[in-house]
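A.B. asks: Fit chain to chain and form the complex, with the hints in mind.
Order-wise, the sequence lines are chains A and B.
Take the numbering used here: the last position of the first sequence gets the number 299, and nothing is skipped along the way.
Take the numbering used here: the last position of the second sequence gets the number 313, and nothing is skipped along the way.
By construction, these hints were calculated from the structure, which means they are not laboratory data.
Glycine included, every Cβ here is placed at the ideal spot set by N, Cα and C.
Keep in mind that the hints are not guaranteed to be accurate.
Unchecked claim - To give a feel for the contact side, a few chain B residues facing chain A, derived at Cβ under 10 Å:
{"no.": "1", "residue": "H74"}
{"no.": "2", "residue": "R77"}
{"no.": "3", "residue": "D78"}
{"no.": "4", "residue": "T81"}
{"no.": "5", "residue": "A84"}
{"no.": "6", "residue": "Y113"}
{"no.": "7", "residue": "L151"}
{"no.": "8", "residue": "A217"}
{"no.": "9", "residue": "A229"}
{"no.": "10", "residue": "L275"}
{"no.": "11", "residue": "F279"}
{"no.": "12", "residue": "T283"}
{"no.": "13", "residue": "V284"}
{"no.": "14", "residue": "L286"}
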Amino acid sequence: METLWSVRRPVRDLRPGDHAWLAYANEEEQRHVAGAFVRDGLLAREKVVYLAGSVKDAVPGVPSDVPAGLLTFLPIGGPFDPRAAAGAVAGEIEQADRRGLRAIRIAADLTSALRSPDGLERTLVFERHLERTVPPSTHVTAVCQVDRRRCRRAELEALCGSHTVLATPDPEFEDAVLKIVRTFHPAGLSLSGELDASRHAVLDEALAAALSRDGTREIHLDLAGLGFIDLGAINILADIAVRRAGPGRLVLDRMSPQLHAVLETVGWTMLPGCAVSIPAVLNSNPAQPDSPGGSPA
Amino acid sequence: MTLEHRALLYKGTDEFLSFTVPYLEAGLEEDQAVVAVVREPHLSALRDILAGHGAAIRYFDSAEFYRHPVHTLRDYQTIVATSLPRTVCALAEPVWDGWDERQRLEWIRYESLINVVFAGSGARALCPYDSGELSPHVLDVALRTHPLLLSDGRNDVNDEYIDPATFGAGCDRARRTDRPDAAEYVTIEGADLHGLRAFVAERALTHGLARQPAQNLVTAVNEVAANALQHGIPPMGLWTWRDGDDLVCEIGDNGFWQPSPLTGFIPPDSALQRGFGLWTVRLLVDLMELRAGWDGTFVRLRVRRRPVSY
Numbered sequence: 003m004e005t006l007w008s009v010r011r012p013v014r015d016l017r018p019g020d021h022a023w024l025a026y027a028n029e030e031e032q033r034h035v036a037g038a039f040v041r042d043g044l045l046a047r048e049k050v051v052y053l054a055g056s057v058k059d060a061v062p063g064v065p066s067d068v069p070a071g072l073l074t075f076l077p078i079g080g081p082f083d084p085r086a087a088a089g090a091v092a093g094e095i096e097q098a099d100r101r102g103l104r105a106i107r108i109a110a111d112l113t114s115a116l117r118s119p120d121g122l123e124r125t126l127v128f129e130r131h132l133e134r135t136v137p138p139s140t141h142v143t144a145v146c147q148v149d150r151r152r153c154r155r156a157e158l159e160a161l162c163g164s165h166t167v168l169a170t171p172d173p174e175f176e177d178a179v180l181k182i183v184r185t186f187h188p189a190g191l192s193l194s195g196e197l198d199a200s201r202h203a204v205l206d207e208a209l210a211a212a213l214s215r216d217g218t219r220e221i222h223l224d225l226a227g228l229g230f231i232d233l234g235a236i237n238i239l240a241d242i243a244v245r246r247a248g249p250g251r252l253v254l255d256r257m258s259p260q261l262h263a264v265l266e267t268v269g270w271t272m273l274p275g276c277a278v279s280i281p282a283v284l285n286s287n288p289a290q291p292d293s294p295g296g297s298p299a
Numbered sequence: 004m005t006l007e008h009r010a011l012l013y014k015g016t017d018e019f020l021s022f023t024v025p026y027l028e029a030g031l032e033e034d035q036a037v038v039a040v041v042r043e044p045h046l047s048a049l050r051d052i053l054a055g056h057g058a059a060i061r062y063f064d065s066a067e068f069y070r071h072p073v074h075t076l077r078d079y080q081t082i083v084a085t086s087l088p089r090t091v092c093a094l095a096e097p098v099w100d101g102w103d104e105r106q107r108l109e110w111i112r113y114e115s116l117i118n119v120v121f122a123g124s125g126a127r128a129l130c131p132y133d134s135g136e137l138s139p140h141v142l143d144v145a146l147r148t149h150p151l152l153l154s155d156g157r158n159d160v161n162d163e164y165i166d167p168a169t170f171g172a173g174c175d176r177a178r179r180t181d182r183p184d185a186a187e188y189v190t191i192e193g194a195d196l197h198g199l200r201a202f203v204a205e206r207a208l209t210h211g212l213a214r215q216p217a218q219n220l221v222t223a224v225n226e227v228a229a230n231a232l233q234h235g236i237p238p239m240g241l242w243t244w245r246d247g248d249d250l251v252c253e254i255g256d257n258g259f260w261q262p263s264p265l266t267g268f269i270p271p272d273s274a275l276q277r278g279f280g281l282w283t284v285r286l287l288v289d290l291m292e293l294r295a296g297w298d299g300t301f302v303r304l305r306v307r308r309r310p311v312s313y
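Okay, chain B solo, but in the shape it has when bound (with noise of 0.2 Å):
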């Protein structure tokens, strides 16, 4: 079962309402599992439309629900394993305002990929997009991640899309900064790792982390390094450097890997599969990044301080 992936451009409330209701109701008639991703007061307006249906349809805020671009993968994802044998019918708006340059392009890169991790669910997710609002960047990209689109009362097949993981090598080749030179280093050798995960909580809790963020670094920490132990080519080690609010912790080895640019990226179905290390390294950190080359292959993790964490 395929997935159809939409993007809606629309203009003012009524246009907003106008799409997303007949669509939310053509889910229920056809016995799907109906959830409503939307950013107030459009979230606010539709459950006073279709308050007939009662909890038919599950609503949920946009801004609490697009917080971390893997995670919301995740979360889509657990929506779909629990509605089986249902296929489900998304209403999925993202929040486009509030991120830096960097996290835009994940939430980008995230557009792009549901495409290839619901690929087979045979769900229906349309994407609003206030195309009155949004920065002509971003309704741009709109159109390169989305292979159908919704906009003028036409429904089309998008010919700007452009496949997942063209995509995604796009995004990659943009990024990255290079190290200061004040970072520390720490040699990873031999398999027992607990004085890298002592050293790397120190760092953390230095650095102003709460306990469940620093945990979690930790864990996602000793992961990249349990595989570059396991996969790559000494010397290999850990830098690690503040970077305003971030704590940045990249595990470097002297091997040579081509990932793809989905590697860590698709959830796994079980714990079982491949890719479910590098999938939880993500989901435990604010954004990793990953480069290899031929001068070796890094994981760059980071973490930002925050005065609540999530």
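Bound-form chain A, shown alone (with noise of 0.2 Å):
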């Protein structure tokens, strides 16, 4: 069953209550949403219970001068334990409740557990009771997240299901006209709203930074929420995709008809080093721009 998200929330925004969702596609976008929801929480002092495999220095996102008694680890044994390890984040709730934290994380990469001997059913009795303590709550908030290169899609889904929230990336930009959200798979950018000469410096700075991050590879610009694009724009991909003319393409994914066709009227011989995926536009009916279990890579 594909469930549709009601809410998507970026991880800055979610809330007390939250029982939110991450299946990442690589270990960039772990780091990226799950290391801001880490970070975010120990840089306001609250409580960070971080459960996963047993390699202690994967919990991403950890500021150098951590306060100590902020950040706890519990590690995922095999064969996973669901009650045990739900009891023991209770347990870190009650303590951080007793030293007075005002708020608590709780991020568990659940990956291991799912593969694991019996893995979706025991993970999914972790998970009950995780919503069983989370929802309710005035000041935990959970993101549970699973390598989706590792699952299988039945597994994707199930787990999905029994959350109510998904976490997406902090925007790069965002204002009342233009967002701009760093993807992952394929890496690049996904632009939504409108384009125009006043927003072009802060596409030049994403651009850049993606860039950067890239190196050679293949960067993509998701197009699938841009209702307008300036001339101007097209001007710096064009720039972007001559300078990068080789193996690290500028590949635009995703377009509106209506831009394909502006694009198409100046001429695909104007953006040389511009290439288009196949197939670039947009049916008349246009999906979520991520779907939630998403099909494993």
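C.D. replies: In structure tokens:
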């Protein structure tokens, strides 16, 4: 069953009572999204409880000077014991309450739990415990994560269905007219809203950051949500594309038919080095920017 | 490599074929990329006669190819670019019927622009004019827009040819009607053009433009307004009104600019070149007119409502 997410929320906007879901496509996405969740919590002097396999240094987003006792790492042993894990989480919450910490963040990477014997059943039991703890709470927020590459579609769908909120990356830029969000699979940026001269500098900056991150890989621009692009922005894209012509092309994805037709009118010869994915044009029934369970890559 | 741009004045099908068939075959012999853009029924006649050359010659129907002068320039530019390193040998027959006076003027200007746009391309273009059918006016201006002439079997340098910049300046002098009093006016201020785009999109849809021409118009207006904000002098604003089937948008500012008669007509090689913006604006609308003087700079964009947009 594909759930249409009624609530998609950038991590910075998650609130107490949110039991959120993140099926990350790769380590970068995990670092970026779960890392922001952990970092923001620790910087705000909230309690952060991190569940994962057994590698303690895998906690993403930990700032250099964390006050003692704010971060607790709970290893997921094998076989995964969901009741013990839920009990440990409940114990951490209780302890934090006693210490007077005003908020608690739970970040759980359940990939190893899911991959242990009877993994899905055990993980779902854990999720039910969490669901009883988090949503009624006024000070606990949880983000459950899995590595989408290591999960079967049915597992993703079952787990995804036990969460009410989808955690998305914090936008690189957002105002009333334009939003720019990092994408991870493929790597690049998703642009939505309208792009005109008053926001060229923002586009430049976001592209420059994407380029420095992604070296020689292709950079994809997901244009599904973009209703308008001005000629100056097309010029900026062409400029980037020319500088990257070769293996690390700039690829334009999922344009609206109107946007695509504008570029056709201009002529693709005007955009040397820009590649267009196939199919580059959205059909008349645009989908959600990301489907929730997604298709495992 | 210089362009050979030659008008062919002919009468009747036999004479047409007697010049054009050897012309196209010569292009093949010299290993040029050969295209024949011709009206029917001559197009079919050429296909039959030259069938032995298979796909070596590319054929286009003028009725499809000559619909918007700036699009046609772009399409020839694409043919020249994609044929490299070979040069192009084109039989290029424009369409002269079915245009109003303003449109015909743009096609005449187009013939003149060919000399600049493809000056260094090494291409050869032979432009047939049916002297038995076309108006004396069209035949007369053909002589001003082609440096070479093939007529009555004589192949000559054409003394009546006029330099395209001079010719274009003449085209611009006589045009442009006044704005009606009922035109709506919106001031343009601040860098955020979101509101202006929403206004133009709304007027475009009310006028009955399909979504695509509406989006094209919004993109064109946005570009001209952004130029005005960047280079112009306030006050600046947009007037819009309906003129029959046309929706007209005029962006004006108080700046003094001296564009050349060729401004926005010369296709850039890429979006990175100067002139990309105005060139694209010309592609996005049916007609762009530019007037600059001591009273300011005014760019008028015109889009026609059609039963089916192209």
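A.B. asks: Give a verdict on every hint.
C.D. replies: Against the structure, the hints come out as follows:
1. H74: B/H74 check passes; min Cβ-Cβ to chain A is 8 Å, inside 10 Å.
2. R77: holds, 6 Å
3. D78: Holds: closest Cβ of chain A sits about 9 Å from B/D78, inside 10 Å.
4. T81: With a minimum Cβ separation of about 6 Å from chain A (threshold 10 Å), the hint on B/T81 holds.
5. A84: holds, 6 Å
6. Y113: violated, 17 Å
7. L151: This interface hint is violated because 28 Å lies over the 10 Å limit.
8. A217: holds, 8 Å
9. A229: holds, 5 Å
10. L275: holds, 6 Å
11. F279: holds, 6 Å
12. T283: holds, 5 Å
13. V284: holds, 8 Å
14. L286: This hint holds: B/L286 lies near chain A, its Cβ roughly 5 Å from the closest one there, short of 10 Å.
Going down the numbered hints, you'll see the structure goes against 6 and 7, while the others check out.
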